Amino acid sequence: MAYGDTVALPPVSATDESGEQPAVTYEVWDDNGLVPVEGGAFTVRGFSDHVVVVKATDAAGNVGAQLLRLQVGQDGADPAGVFQFFGSVATVGAEAGTAGLSVSTDATVGTVYAQVRPVGHRIWRSAPVLTSTGDTTYELNTIGKPGGVYQDTVTGQPLRSHEFELTGLRDTTRYEYRFGIAVDGEAPSALDEAAWSDVRGSFVAGGGQNRPIYLLGDLAAASRSPEELGLFRGALDAVRAQVPGGDTVVQTGDLVASGVHREHWEDVFDHVYAGLDLQVAPVVGDAESDGDLEYNLVSPDRNAITSSMYALPGGGPIGETAYSFDRGDVHVAVLNTAQDLEAQLDWLVDDIHAADRPWNVVVGHEAFFGSAGADGPGQSERRQEVAALFERLGVDVYAGGHDDVYARTEVGGTTFVTLGPAGPSFGAATEKPWADVVDDEDTQMGTALRVTRRGLELSTYTVGGRLVDQTVLTRPSGTWDVSHAALDGGVLDGVGLISHPGAPRSVSVEAVRYDAAGEQVLDSRLVEVDLDERGAEQWVAFEPELTAGAHDTVKVHFWDGPGKDEELRPALVLQEGLAGSGTADDPYLLDSADDLGKVETDPDASYRLTADVDLTGLAVERIAEFSGDLDGAGHTLTGLTSTTGGLIGVNEGTVRDLAIVGADVATATARGGILADTNAGTVERVYTTGLVTAGSRAGGIVGDNAGVLRDAYSTARVQSYGTEAGGAVGVALAGSTTERVYAGGPVGASTRNTGGVAGYGYTGTVLRDSIALNPTVTAPDYAHRVLGRVLAGNTATLENNWASEGVVATKQTVLDPPAATNLAGATATVAQTQDPAFYRDTLGWDLDAVWTWSAEGRRPVLRAVPEDVPPGTGEPGTPSLPQDDDGAYLVSSVADLGQLTAFPAQRFRLAADLDLSGRPGLTVARTGFTGELDGAGHRLTGFTSPSGGLFPLVAAGGRVHSVSVDGAAVETAAANVGILVNTSHGVVERVTTSGLIVGGSTVGGVVGYSYGQLRDSYSTADVYAVDTRQAGGVAGITGVGSLTERVYATGHVEVVGDANAGGISGYAYTGTTLRDSMALNSRVVATGYAHRVVARVLAGNTATLAGNAASEAVVAGTQSVPATGPDTLNGATRTAAEAASQATYEAMGWDFATVWTFDATKGRPVLR
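If you use the working numbering, the sequence shown corresponds to residues 1 to 1168, in order.
None of these hints come from the bench; they were simulated from the model. As the structure is a computational prediction, the values presented were derived from the model and not from experiment. Treat the hints with care, since some could be wrong.
[As the list claims (entries may be wrong)] Under the rule of at most 20 Å between Cα atoms (straight-line distance), these lysine to aspartate or glutamate pairs were calculated in the EDC-like manner: (1) K555 with D515; (2) K555 with E600; (3) K555 with E543; (4) K1162 with E1146.
Modelling step: build the complete structure from the supplied sequences, incorporating the hints.
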């Protein structure tokens, strides 16, 4: 059959087993969905295979069916049918005189053809017939079947994209083009009109001269109304009228409302691109990425749907959507900020190095230095990274969209422009410290960029012709500078230079490797450089690379010529060498924090400390991997502070005779130890003091032990916010040995598996001759005095282990009597633990050569690193704060919050509002708060954190109430994080939060993981989980035994690329109670299980959900259980008026006499 044929369906009858003849129905399907059948016939509407489904249903409901597959021939096909999908638009080529065309067909069409000719030519004969390339398939969602709700109507439609690269175009010439189909399997003749479409579009070839480039922001007309879709062209026409003569338009993403839906692309081609005579440079935005899962883990290409709509130059690391092109004196690089930005920034370095234009412009969707969008997930870190790189490369302008507000600012020599709206949505300007110019008029805007005699001019106009902003970028003169010079892993591959007109014509760059004293030249590279004066980074490569060890001093000199008569600027010292040669007999000598940073240059070498090193207040680069020998030689590292883990990431070498005192080590992810996060080598004769916290697997000395730990101890406080914590070792892996160690600090985990010495073990784990002296070992499950737990079915080797009778283990799951070979260890009396004979005779410790006795501390210390133990007072002490009449300690300053950490079991009350902006990353009572904090109605403002909430842990018995955290900005990769509390086993009530929280998984607006009680509270914060699952407007997870009642959330909740987003809670279980709560969120987004109140209940579980509701305005995408009602995941539906009425909340049992009041302006309850 052929396209356009009307096919009659033959009469069919059916007979069931009883002899009855049930009714027979037909359905016809193609790749576009259900094909209409009228009068027993259907019309072939495309070139995909058609499937006829013949069904008969008997009286009992049994169905019999037969499938008939019909193929559509392509010989003599109608071009109008082949090219029926979307339109086409000319896109920019990488260079002047080039362009791209793309057209979509049914996936069954393999190859198509095109012709391009100057407008005005009457015949096509002289135009070459071009054969498509690429010819790749992709899939869109299209409305392809009947259904009561939108998602039931959606069909996945495969299409094929065909691309053409046009070359040899004459600048400023207008061209038109048409598409053709094969004739008898061959390319059609230009004279065979039946094989060719009508003219499909035209464009003006450009790029060879300095003509305006038009920049427009978001359209995203979700309504699909022609009026709203036409706003983009209105803004474009307005700026073209003010700055005429351009041939290129850059649109910075969110052009379509949803990139996965076919109808939105049809709208764009019908109302934006139709009749457009410019070459287009598209940018991928969030909306284009929404639902575009057309990629896999093998291919680096991203955004296949968007790529299939255009023929782009490509060149970037993620497929066509990262690319660059030249227009006159301007080089433009396009970033896809929605995907794999790090890889693109690496590519951008090479792209700018290869460019040869005087001006460099980068465009993308995210604005970085915009308005409200600058508060989005990850923006703070991205902003710093991008600004630093752009400054290094000499990027002149970065233009983004997203925020629907115009803004301009200069950072590090780069002008960042946030383009105003080009569609129906308008943003509101928010105060930002970097803003130079802001305009948030609710109208469409367009920007023109052009090179003039004065410089690079940016002019922005409203659709009504008002000049919003104009600036001219000019070049410095006579200057040059070094943009980049750094050793990377002991390798110097080159340096970057930036020069401007009038700078010296040339410079000789010499990289020199000296001996440690910086006197004897050991190796060098000399390169004569002609400065290009273009204001962008000019890369000077050293071939071969210059390599250096930790003992080498490395400098870069800048000479007036190869004769090296005069240095043009002071030499750059990239590294001062260490004394020694790094061998066992002649180790490198370390005596400063800077020296410690050089260990990673040569991690296989031998090192020796020659002095105590005070690290207080210093940012110390951790040693990621170490496989050499580190001899502490009896010295101490004091004041180590880290938010990324221990001094060493992975130790595969030997560390000995070293103390780390007063440490404050944290890591948001798994594995954290003060000395090493993972030990796969040997650690001996070391001790640690201070504090270590980790997402899981926290240890006072090492997080994971896969090697040997012997003759060592820790008195540090240890806390895991997930599983596994040990006073010395978080997890003792199979094959590891831990012997002759003790731990003396409190140990806790938020969920399970804590041990005084080690948190977890396996078959093959050896733990022997060790003792727990901890005051407490706490966890909700599996807390034992020596070893927290052994994996089920495994048997660890436990020999001669002991615990002081004073050790309190809160949840001993294994109830065997204490013994030297089990998790509890044998019990030693306090008198025994304070007698050196016990350690020598019972534990077998060498008190003559390895250990010595501290009479003041009444415990062993190491001879190689003797600890000066102050005499204990025996009294816990009390906070040094004034008290209220009822005995609560009054907190009047940010510094006073430290008392909650020192005395976490006491009662405190805020006496004033506190501004935390000067203390980023502040945490309170990191090892668990068991006291009370009464906020007394006060506000905490300016809270920012790269690790999580203000309270990492509110333990059982702890209570936090009557406080607001306003304008928070929490951005971390950690799991189980909330703005106020990360994990709560206690009571949180009458609290509010606002701002933004971005976490890895299990992220909540108030609490990350709630095991306790959470009531009479609300959050207006936006909540994002960006690694794996679970995000909730109030709580990330409401766990077993938790109670959440009378709470609400208004913010955006999203799990990026994964499942389980809820307006109130991201997950629940049997034993979870969530009741009388209201979802007022703007959106709840996830790939699956996105519901208005609770995202999901664990399969097979039944949570207690009662009296919950949601505003009808809450949009929860990808609902897996769409039912509504007070006991469902979505809650009962309330109209907007009901959601804004006090009576609605009173009916839910909210107390408006003593707890709540109603804010008529906000249309919601607020706390008294």
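Of the numbered hints stated previously, which ones are contradicted by the structure, given in increasing order? Checked against the structure, no hint fails, so every one of them is satisfied.
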